[in-house]
Each structure stands twice: as structure tokens, then as C-alpha cells.
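The task is simple: from the sequences and hints, build the whole structure.
To convert, take the position in the sequence shown, counting from 1, and add 434; that gives this note's numbering.
Everything labelled a hint here was simulated from the structure, so no lab data went into it.
Heads up, some of the hints might be wrong.
[Stated by the list, open to error] In silico EDC-like links for lysine to aspartate or glutamate, alpha-carbon gap of 20 angstroms or less:
| hint | residue 1 | residue 2 |
| --- | --- | --- |
| 1 | K627 | E849 |
| 2 | K553 | D493 |
| 3 | K481 | D449 |
| 4 | K746 | D696 |
| 5 | K625 | D449 |
| 6 | K646 | E774 |
| 7 | K499 | D595 |
| 8 | K792 | E813 |
| 9 | K792 | E774 |
| 10 | K625 | E650 |
| 11 | K864 | E832 |
| 12 | K764 | E801 |
| 13 | K546 | D482 |
| 14 | K792 | E849 |
| 15 | K870 | E849 |
| 16 | K857 | D885 |
| 17 | K553 | D449 |
| 18 | K481 | D517 |
| 19 | K627 | E774 |
| 20 | K625 | E849 |
| 21 | K874 | D852 |
| 22 | K857 | E838 |
| 23 | K625 | D852 |
| 24 | K764 | D750 |
| 25 | K499 | D482 |
| 26 | K646 | E813 |
| 27 | K513 | D493 |
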Amino acid sequence: MTVKNQTSDRVPPHDLEAEESVLGSMMHLGEALEGVAEILQAEDFYKDKHRHLYRGLCDLAGESKPGDLVMLANRLREKGTLDRAGGSEYLACVSGDTPSPGAWEHYAGIVKGLSIRRKYINAGSEIITAAYDLSDDYYLSVMSDLEDNHQQELEAPQGFDAGGLMKMSLGETQWTVPGILPEGLTLLCGKPKQGKSFLSINIGLAVAYGGKALGEDVEYGEVLALCLEDGWRRLQGRLARMLQDDAAPDSLHFFIDWPRLDDGGIEHLENWVTQHPNCRLIIVDTLAKVRERTKGNGHIYLDDYSALQPLKSLADNHGITVLAVHHLRKSESLTDPLDEVSGSTGLTGSADAVMILKRSHDRSDSELMVVGRDMEDVELAVDFDSPTFTWQVLGPAEEYRQGETRAAIIEVVRESGDVGPKKIATRLDKNESTIKTHLKRMVDAGVLERDGRGHYSVPAGLGSV
435 MTVKNQTSDR VPPHDLEAEE SVLGSMMHLG EALEGVAEIL QAEDFYKDKH
485 RHLYRGLCDL AGESKPGDLV MLANRLREKG TLDRAGGSEY LACVSGDTPS
535 PGAWEHYAGI VKGLSIRRKY INAGSEIITA AYDLSDDYYL SVMSDLEDNH
585 QQELEAPQGF DAGGLMKMSL GETQWTVPGI LPEGLTLLCG KPKQGKSFLS
635 INIGLAVAYG GKALGEDVEY GEVLALCLED GWRRLQGRLA RMLQDDAAPD
685 SLHFFIDWPR LDDGGIEHLE NWVTQHPNCR LIIVDTLAKV RERTKGNGHI
735 YLDDYSALQP LKSLADNHGI TVLAVHHLRK SESLTDPLDE VSGSTGLTGS
785 ADAVMILKRS HDRSDSELMV VGRDMEDVEL AVDFDSPTFT WQVLGPAEEY
835 RQGETRAAII EVVRESGDVG PKKIATRLDK NESTIKTHLK RMVDAGVLER
885 DGRGHYSVPA GLGSV
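Put into C-alpha cells, the structure is as follows:
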């Protein structure tokens with residue numbers, strides 16, 4: 435029995451008007467000239483002359499030249515393809531008949547979708563032909579290749595040369611808290627009971643009000659707070675302390691239960707953000723409550739890296755900040771604070787920024803360090819106000835540390851009288867070389883006096899510091 439390929443007599447799906455609208459838009463708008471190249475390739479056009487037109491326009495875009503009628507005709511003439519592209523009269527028709535150049539992205543989507551359909555039709559035809567050839571099992575390899583490679587072929591990576599990259603207008607880093615909390619995925623890390631959750635809600639309240647966070651003015655936006663280690667009673671009590679007499683903002687939304695990301699959690703987040711277009715910040719407290727459970731296959735780095743990818747993609751796709759609360763190790767690192775983050779470097783490598791909160795239990799002031807990809811490192815001295823459960827910025831950490839050390843040195847010198855750097859370092863439990871550096875600066879500033887034996891004293895008339 436002879437079986438006829440039912441697709442052979444049918445015209446493949448295409449839309450010539452959409453193709454002409456894409457090309458006409460590229461001729462009229464510089465935005466379209468650059469943007470279409472990120473969506474389409476010449477092979478996506480059904481009409482051969484449209485492919486030649488498109489290649490000419492892409493040549494002009496690559497040289498940062500306009501794609502107007504004259505420039506395009508000259509370029510195609512230089513390439514020897516003007517006639518194959520329909521000639522000057524056809525170019526004029528395409529340029530003049532474009533209904534809405536601003537809708538170029540819509541037209542490009544139509545062209546791309548139909549191109550994908552044609553590729554599937556061609557692939558299907560090849561399978562049908564191979565399957566009816568009983569002389570060998572070639573069709574099996576065809577199907578296997580399609581399963582493994584077809585999707586990758588349709589979604590081929592798009593790149594730019596260095597010149598094209600430098601001409602791109604990408605904008606500056608966007609901030610939820612200027613200079614401290616960037617758009618994207620940020621880990622907020624600290625040891626247990628050190629105030630990480632308080633800090634995250636402090637930031638959330640500031641965004642929901644459009645007020646101040648960590649001393650910086652922040653833009654208003656809706657906030658989703660997943661407080662997954664709290665109950666409603668505890669949350670209410672904490673919020674009451676933070677609000678004092680202020681009204682609670684309707685734009686701050688709390689949940690105490692949420693499915694894991696691989697169990698519908700990321701889809702619920704996508705839906706929530708879609709339903710709240712003013713969303714600016716999502717707080718996940720803690721990451722361990724929502725991340726995919728480790729597979730136990732020994733690939734710790736890959737497990738950690740992939741665990742954050744759904745949250746990072748969510749933040750990137752919607753232009754928001756996701757702040758995920760996480761823990762530090764018990765041991766401290768003397769070389770790199772990022773090594774203190776619990777888990778492998780897959781976590782810190784996946785995040786756009788990492789905030790590390792360090793606090794001594796016997797004092798209220800602490801340090802907040804922020805390390806990120808597209809930002810300067812930040813080290814702030816911060817203070818926790820227990821009555822209001824609120825973190826406040828004292829200033830740059832280095833300046834604050836120096837001020838504290840200077841005050842402690844003066845106190846030791848006052849108590850001990852004539853004293854040398856070794857004794858001061860011992861009393862303060864600090865490195866002697868560091869103390870000597872401070873002492874020299876303090877002598878230069880007139881805060882201390884140094885005698886010939888290398889001992890220090892407080893000048894007469896110096897008040898308390």
C-alpha cells in the first residue's frame with residue numbers, strides 16, 4: 435500500500451504581511467533595527483527576498499547605521515543582492531506600507547512562531563519518510579536526534595561581538611535600598627538569633643511605606659514576606675513593636691506557610707507577582723524552608739547553585755528583589771566572610787549579592803557587610819534598638835571601629851598613666867601592630883603624646899572622648 439505524505443501538498447504556514455511589517459519597522463525605528471536581531475534570524479523569514487532584506491538591515495545595525503530606504507538600497511547594491519531582495523521599488527513599498535512600526539515586537543513574534551511551526555513540519559515530514567522506509571531503522575535515529583537536539587536548535591544562544599556589546603544601552607543597576615540592596619537575588623546571612631528576620635521586615639516595612647531603610651530613601655512598592663519560621667501571634671507582636679503608633683501598610687503581605695519551590699512554590703510566586711504588578715520585594719525567611727531538598731548524590735555545589743536559580747530567575751524576569759534569609763556557619767573565616775555562609779560556594783555564586791550580619795550577643799551594635807556582583811562592597815556599623823525591633827545605621831564600619839578603638843586606647847592610657855603599645859594591645863586584646871598604627875595617628879592628631887621611651891600619655895587639658 436502506498437501512503438502519501440499529507441503535508442507535501444500543503445503550503446507551510448507563513449504570514450508575508452507580518453514579515454513585511456517587521457522589515458518596515460526596522461527601516462523606520464532604530465529600536466526595532468536592534469531589537470528584532472535578538473528575536474529573529476534570516477532563516478525565520480519564509481520569503482527568500484525577505485531574508486536578503488533582513489541580512490542587509492542587520493549589516494547596517496552592526497555598523498550603527500540607520501536602516502532607511504536609501505542606506506538599505508545602497509548596502510544591498512554593494513552586496514549584489516538588491517534584485518534578489520525585490521529591487522528598489524519593492525523596498526519602497528515595504529517602507530511605505532508599514533502600518534505600525536512601534537508594534538515591531540508583535541510582528542516579530544508572529545514571524546518567529548510560524549518559523550517554529552515550519553521547522554516542526556519539516557522534522558515531522560522527515561520522520562514520516564524515514565519511518566516508511568523499511569530497508570533500515572534510520573527513522574529511529576532521526577527521532578532520537580529530534581528529542582535530544584530539536585529544542586536546543588530552536589532556542590539557539592544569541593550573542594554579540596565586543597563592538598555590538600559596547601553599543602548596547604543596558605541602563606544602570608537598579609536598587610531596592612540604594613547602594614545596599616540591589617535588584618535581583620540577595621542572601622541575608624547571619625547566625626541564629628542575631629536579628630536577620632527583624633532586618634528583613636524592617637526593609638519590607640520601609641518599601642511598603644516608601645520610607646527609609648538603613649538610612650536610605652526607598653521607593654514604594656508592594657512586599658511579599660514569607661515568614662516560614664513564625665506563627666501569626668509572634669508576627670503580630672513583632673510588627674506591633676516595629677510600627678509603634680503608625681498604621682500597618684496594606685502593601686506588606688505575610689504568609690507563614692508556602693510550598694517548596696519544586697513542589698509548586700515557584701509557580702505560586704510567579705502568580706503572586708503577576709497579580710501584584712507593583713511588587714518590589716519578596717522576603718523568603720528562611721531559604722531552607724522553600725529550597726528543593728538536596729538529592730544526596732554528592733553534587734553539593736550543583737545542588738546549592740540550582741536551588742537558587744528559580745528565585746534568581748523570578749527576580750530577573752520581573753525586575754524585583756528577592757531577599758532570602760540564610761544562616762552562617764558556627765566557625766568564622768579570617769580570610770573571606772563569604773566562606774562563613776552555610777553550604778557550598780554554589781549558594782554565594784548563584785546570588786547577585788550577599789549580606790552578612792554579625793552581632794555580639796552582649797552588645798547592641800553590629801556590622802552589616804554587603805558583597806555583590808555589580809556594586810561596591812559595603813561595610814556598615816549598625817545598631818539594634820530592642821524596644822522597636824529596628825536596625826539603624828551608625829555609619830561606615832571602619833570609621834566606627836576606629837572611633838571605638840581610639841576611645842578604648844585613651845581609657846587605657848588614662849588608667850595606666852605612662853604606658854607602651856604592647857601593654858595597650860594586651861589590655862584591649864588586639865594586634866600590637868594595629869595598636870601602633872592607631873597610636874601614631876592619635877599622636878599626629880594631638881590626642882596623645884609620646885615620650886622618648888615610646889610610652890604614651892593623655893595631654894593635659896584633653897577632655898573625655
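Comparing the hints with the structure gives:
no. : hint          : verdict
1   : K627 <-> E849 : violated, 36 angstroms
2   : K553 <-> D493 : violated, 26 angstroms
3   : K481 <-> D449 : holds, 9 angstroms
4   : K746 <-> D696 : holds, 14 angstroms
5   : K625 <-> D449 : violated, 60 angstroms
6   : K646 <-> E774 : violated, 29 angstroms
7   : K499 <-> D595 : holds, 16 angstroms
8   : K792 <-> E813 : holds, 11 angstroms
9   : K792 <-> E774 : holds, 11 angstroms
10  : K625 <-> E650 : violated, 25 angstroms
11  : K864 <-> E832 : holds, 15 angstroms
12  : K764 <-> E801 : holds, 17 angstroms
13  : K546 <-> D482 : holds, 15 angstroms
14  : K792 <-> E849 : violated, 31 angstroms
15  : K870 <-> E849 : holds, 18 angstroms
16  : K857 <-> D885 : holds, 16 angstroms
17  : K553 <-> D449 : holds, 15 angstroms
18  : K481 <-> D517 : holds, 14 angstroms
19  : K627 <-> E774 : holds, 16 angstroms
20  : K625 <-> E849 : violated, 36 angstroms
21  : K874 <-> D852 : holds, 16 angstroms
22  : K857 <-> E838 : holds, 18 angstroms
23  : K625 <-> D852 : violated, 41 angstroms
24  : K764 <-> D750 : violated, 32 angstroms
25  : K499 <-> D482 : violated, 24 angstroms
26  : K646 <-> E813 : holds, 18 angstroms
27  : K513 <-> D493 : holds, 10 angstroms
Checked against the numbered hints given earlier, the structure breaks hints 1, 2, 5, 6, 10, 14, 20, 23, 24, 25 and satisfies all the rest.
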